[in-house]
Structure formats: structure tokens, C-alpha cells
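Trainee: Please dock the two separately framed chains into a single complex, following the hints provided.
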Amino acid sequence: NAGVTQTPKFQVLKTGQSMTLQCAQDMNHNSMYWYRQDPGMGLRLIYYSASEGTTDKGEVPNGYNVSRLNKREFSLRLESAAPSQTSVYFCASSLSRGSSTDTQYFGPGTRLTVL
Amino acid sequence: AQSVTQPDIHITVSEGASLELRCNYSYGATPYLFWYVQSPGQGLQLLLKYFSGDTLVQGIKGFEAEFKRSQSSFNLRKPSVHWSDAAEYFCAVDPNQAGTALIFGKGTTLSVSS
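Listed in order, the protein sequences are those of chains A and B. If you're matching positions, the first sequence starts at 1 in my numbering and goes up one per residue. If you're matching positions, the second sequence starts at 1001 in my numbering and goes up one per residue.
Keep in mind the hints are simulated off the structure, nothing from the lab. Quantities reported herein were computed from a predicted structural model and do not represent experimental measurements. All residues carry an ideal CB built from backbone N, CA and C; glycine is no exception. Among the clues, some could well be false.
Pulled from the structure, derived: some chain A residues nowhere near chain B, Cβ distances all over 10 Å [said to hold, decoys possible]:
#1 SER18
#2 ASN28
#3 LEU43
Result set (DSBU-like, lysine-lysine): computed pairs, CA atoms no more than 30 Å apart in a straight line [as the list claims (entries may be wrong)]:
#4 A:LYS9 with B:LYS1061
#5 A:LYS71 with A:LYS9
#6 A:LYS71 with A:LYS57
#7 B:LYS1106 with A:LYS9
#8 B:LYS1068 with B:LYS1106
#9 A:LYS57 with B:LYS1061
#10 B:LYS1106 with A:LYS14
#11 A:LYS9 with A:LYS57
#12 A:LYS14 with A:LYS57
#13 B:LYS1106 with B:LYS1061
Just chain B, same shape as in the assembly (with noise of 0.2 Å):
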């Protein structure tokens, strides 16, 4: 069946730490793939896109994704968390590249440590 996974519900890492959120995707033909974030109360932010070309894509507040097609997976990276990365995160996939609406990953809750 085709869907948007993220294996992980929830993560913890603490402040300067290393992240990254897994996003994993079975559609037949490579669709275009997004990450959001949530933070409390709030609605949805997009941190970075990818439709074709460099497989490595930046986003905004340091995010960055890698795109595998090998592995249909997008995920989500940052060097160093800051406690204001706390937050929702999801995954999304336009799977027919038509501009419709998005299918979204259940989501990864991301706590920060000090």
C-alpha cells in the first residue's frame, strides 16, 4: 500500500546533540517530498523541499534532508539542536507530482534535553 512512515514517534536528544528524523516512502514512481514543523499550538512550517536534482537539500533554521532513492527515503538532519527545535515534525509526500494535496507521515515528536 502506498504510504509516508516515520518510525520514530518519538525523540529525544539533548542540546548541540546530532538529529535526524527518518521518513520513508512506497510509492511506485519518486514523488516530491517534504518536511514540516509544528510547534505547539502553531500551524504547519515547511523547513525544505525536494522535487528533483541535488539529492541533498537545505532548508531553513540549519535543516537539511538527504533524498535516497535506493532506500525511498527523505530524511531529516541538523548538526546541532537548539531547545527551540522542540517541536512536531512530518514528512509529506506529493505523491503524483501534481501539485494536489499532500499526504502526511503521522509525525515525530521531538523533545530537547539540556
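One chain only, chain A, in its complex shape (with noise of 0.2 Å):
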């Protein structure tokens, strides 16, 4: 049981360059989201997806678009990267939206640098 993984571990970009981060879970969950970490910011939501074939916006989405593929994978992409999005990204998911006692869990994130 792996719980979520997340590819890559670690990817370098040149601005306007695009690239997909991918994540999946193999808890049968139904929810899944993206958040990315910045220094001194917390988390911050880009979006989330309450069920397969469903996604939102979170607080953040500007210059990123989402795909849930299945019910297992939820990936990531931007289109043209920028400096800005230069950021730790995670990937987490619970078991269904709407009930708050479900814990999300956490991938171990993506480091992602936008030079």
C-alpha cells in the first residue's frame, strides 16, 4: 500500500516550457487535490477534484489545469511555466468529500523550479 505517489521528485524548467505533474492513490479514495508550498505561505489550494470526472478551483489556479483521469490519478499541468510557480507541489486525497472527519493524505510532493 503505497498510499499517494507523486512523479517527479524534482523537475527544473525554463520559463514557458509546460510539463504534467502526475499523482495517484491507490486508497479507493474519492477526493483528490493539488496545494502548493511557498516559504512563509503555507499551503495554498490550486484545485481539488470531489470525484472522478468532477474538478474545482481552489485559491490559486491561475496558470495551471487539472485532469482527473480516474478515480486513482490526478495530475497537474502547466501549460507555460513561470518563474512564479517555481514551488513545492503536493498531492493529497480523502475518502470523500463532504465529511470532514476523512483525513487527507499527503503525497511527498514535487519540487519544482521555474528558472
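Mentor: The following block contains the structure:
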């Protein structure tokens, strides 16, 4: 049982390049989330997916797109990377939206640098 | 404005000493409340959570937190800190009690001195 996995662990991009961050969970969770973590800012929600086939914007969605490929996988895409997107990105999942008794489980993170 | 505040950016305590990390929130209703810990280079791990009922909540690794409605606070405590507790601690809230994504404080870094 791997929990929440993220690939890659590290990535360096040039401004304007695109890339997709991958996230998968093997806990049969319904809800998945993407956060970014910046020094002194805590974690901020980018997008979330309450269930397969649905996605919603979070606090900082600009410059990102997401795809809930299936129940297990939730990807985050940067179409044209900017230095302001240099951050650590965390994926998380929880059993079901609408129940705060559910715990969010986090992946190990992807450290992205945009030059 | 609605927010989650962790007033202490960095705290240093001696090994074996007690610890209290502060968290205040400003939401109209009592949100669901959480504390997470992040060790260097790692993801976040849930320490404890409060939804309702007993205002003193026990968590993993010997941590506890007390919800005080009158002070809009949810402070994290541990009676005796171990060197392995050195990490970053985040308070988080679910302001709508809807199981939607969390709002995090900016974090408190804990250093433990020998």
C-alpha cells in the first residue's frame, strides 16, 4: 500500500516550458487535491476533484490545469511555466468530499524550479 | 478577513521541555480544525483533528490540542519534546465543515536543542 505517490520528485523547467505533475493514490479515495507550498505561505489549494469526472478551482488556480484521469489519478499541468510557479507541489486525497471526518493523506511532494 | 494565524514562525525548545504551538482562526462559525506535521523533505502527516465534543483532543506522537471557542484558538501541546519532533507544524481549518479542501496557516518551525 503506497498511499499517495507523486512523480517526478524534482523538476527544473525553463520559462515557457510545459509539464505535467502526476499523482496517484491506491486507497480508493474519491477526493483528490493539489496544493502548492511556498516559504512563509503555508499550503494553498490549486485545484481539487471531489470525485471522478469533476474538478473545481481552489485559491490559486491561475496558470494551472488539472485532469482527473480516473479514480486513482489526478494530474496537474503547467502549460507555460513561469518563475512564480517555482514551488513545492503536494497532492492529497481523502475518502469522500462532504465529510470532514475524512483525513487528507499527502504525497511526498514535487519540487519544481522554473528558471 | 477569514484567516488562520500561527503567530510564531520559529520556536526553539530544549529536549524534554514542554511545547505549545499557537493557532488562531477567524471564521464566523467554528470550523473543523487540524494540526499537521511536516518533517524536512517529507509530505504532511495528520497529528490530530477536532470536529465537535470534547475540546481536548489527543493525537499521535504524544501530542494534544485544546479547542477554546472564546479565544478562537486551537493550540497544540506536548508535555515533553523529543529531538525527533523537530519539524514544521501547520494548523489547518475546514471553514465550511464540508469536507472541502483545507485552509492552512503559514506554519511554525520547531527546533529542539539538546
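Trainee: Hint by hint, note whether the structure agrees.
Mentor: Hints, one by one, checked against the model:
no. : hint                     : result
1   : SER18                    : 25 Å, holds
2   : ASN28                    : 16 Å, holds
3   : LEU43                    : 4 Å, violated
4   : A:LYS9 with B:LYS1061    : 27 Å, holds
5   : A:LYS71 with A:LYS9      : 22 Å, holds
6   : A:LYS71 with A:LYS57     : 18 Å, holds
7   : B:LYS1106 with A:LYS9    : 23 Å, holds
8   : B:LYS1068 with B:LYS1106 : 20 Å, holds
9   : A:LYS57 with B:LYS1061   : 34 Å, violated
10  : B:LYS1106 with A:LYS14   : 28 Å, holds
11  : A:LYS9 with A:LYS57      : 24 Å, holds
12  : A:LYS14 with A:LYS57     : 25 Å, holds
13  : B:LYS1106 with B:LYS1061 : 22 Å, holds
Against the hints set out earlier in the document, violations occur for numbers 3 and 9.
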